[in-house]
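Engineer: So the protein sequences, as listed, match chains W and E.
Position one of the first sequence corresponds to residue 20 (the working numbering), numbered consecutively onward.
Position one of the second sequence corresponds to residue 20 (the working numbering), numbered consecutively onward.
Think of the hints as simulated: they come from the structure by calculation, not from any bench.
Do not rely on the hints blindly, as some may be mistaken.
Note that the list lumps identical chains together, so a pair holds whenever it fits in one copy or between two copies.
Pairs of lysine-lysine residues, derived as DSS-like cross-links and limited to a Cα-Cα distance of at most 27 Å, are as follows [claimed, not checked]:
#	residue 1	residue 2
1	54	206
2	206	95
3	95	54
4	69	145
5	140	24
6	69	54
7	69	24
8	206	24
9	69	206
10	140	104
11	54	104
2 protein chains.
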Amino acid sequence: MRYHKIPDETVRRLPVYLRGALYLSRDGAVSASSKELADQIGVQPWQIRKDLSYFGDFGTPGVGYDLRSLISRVNKILRLGTGHKAALVGVGNLGSALLAFPGFHIYGFEIAAAFDIDRRKIGRRKAGVLIEDIASLGLLEARGIHLGIIAVPGSASQEVAGALVTAGIKGILNFSPCRIAVPRAVKVITIDIAMDLARLPYYVPGNRR
Amino acid sequence: MRYHKIPDETVRRLPVYLRGALYLSRDGAVSASSKELADQIGVQPWQIRKDLSYFGDFGTPGVGYDLRSLISRVNKILRLGTGHKAALVGVGNLGSALLAFPGFHIYGFEIAAAFDIDRRKIGRRKAGVLIEDIASLGLLEARGIHLGIIAVPGSASQEVAGALVTAGIKGILNFSPCRIAVPRAVKVITIDIAMDLARLPYYVPGNRR
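For reference, chain W alone in the conformation it holds in the complex (with noise of 0.2 Å):
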């Protein structure tokens, strides 16, 4: 089944949609309605039903989603729960938490490897993962991996970018706060932090100096 022209937003709130579906499935819950995803997650009640509508008829109307579904259903439009395995590069501070974060296995994702320039890092394990010489990178393919997360300063953001590519890597998240060029075939999601602090004051009353 393939889907077409879902624009990027509704696929941006899928992961959310997905994690208050679990969560709310943990508590205890079979359904929900929209509004008691909406709580949970905190997004309008119409957003998830319009969202969820590019996919098919997911709900049922006084009852709302049943949970099991609902988390099968966005897992197979989003590709999740088959065991992904990323590559990251760049284990310094960043890179080390990005290898210690214990959220990435509720999406079936495993940083399974992890490659740095510093000789004096590479051959030691980081949170069990072996880091590995930057120059060995050639054969992500071959070992089953098909995403990179960069997490390099930004001067060598592009030159990784290349690297990962010719390594048959298809997906990168990119956390270097420099725009990458890839080939069009490659999807590139760069996540700038300081754009998520930068709405914050939005939302804080009278915190002018």
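Assemble chain E onto chain W, guided by the hints.
Structural biologist: Then chain E, alone, in the frame of chain W:
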């Protein structure tokens, strides 16, 4: 000037527009169409026009947006550019990465204080910021600090959030993968890095094993 009932999703995109306008402006542009801005940041042109229409009439048909005016007005809407000070709690790997992060200054942010519970860290400096004892958190409001950043393990996040609220913090950026409960007047934005990774496979064809 006050703005009411702006959707959170619009507020979320405003820093993206701001960054795009700043980049175009640095490249020498004086004005930009919604199409040019859209190409820069990867958002649909109609979405930009719709979002900005909440705040009055920004653009000129056929000419586009005056970038200097756009930057100034978005800064004003978001209450940015006035030297916001944030306190970081937790100087582990993630906290250290945040202290060294070069992207905050674009939006006029400064991490002005850092706190940890670890006696070996207290009294040291990281990226120029003194690491203080978390027990001395009490004076943040008097120091002009209104925002908090939580980078502690999930098990400690609620306690830290409570201490930040007591210290007068009105907005919190939460990196722990836990929901935290705060009074209604305090705004919390939780960053779940795994959720950003979770939408990547959607765009990567044939990545199932």
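Engineer: Go through the numbered hints given earlier and state which of them the structure violates, listing their numbers in rising order.
Structural biologist: Numbers 4, 5 and 11, in rising order.
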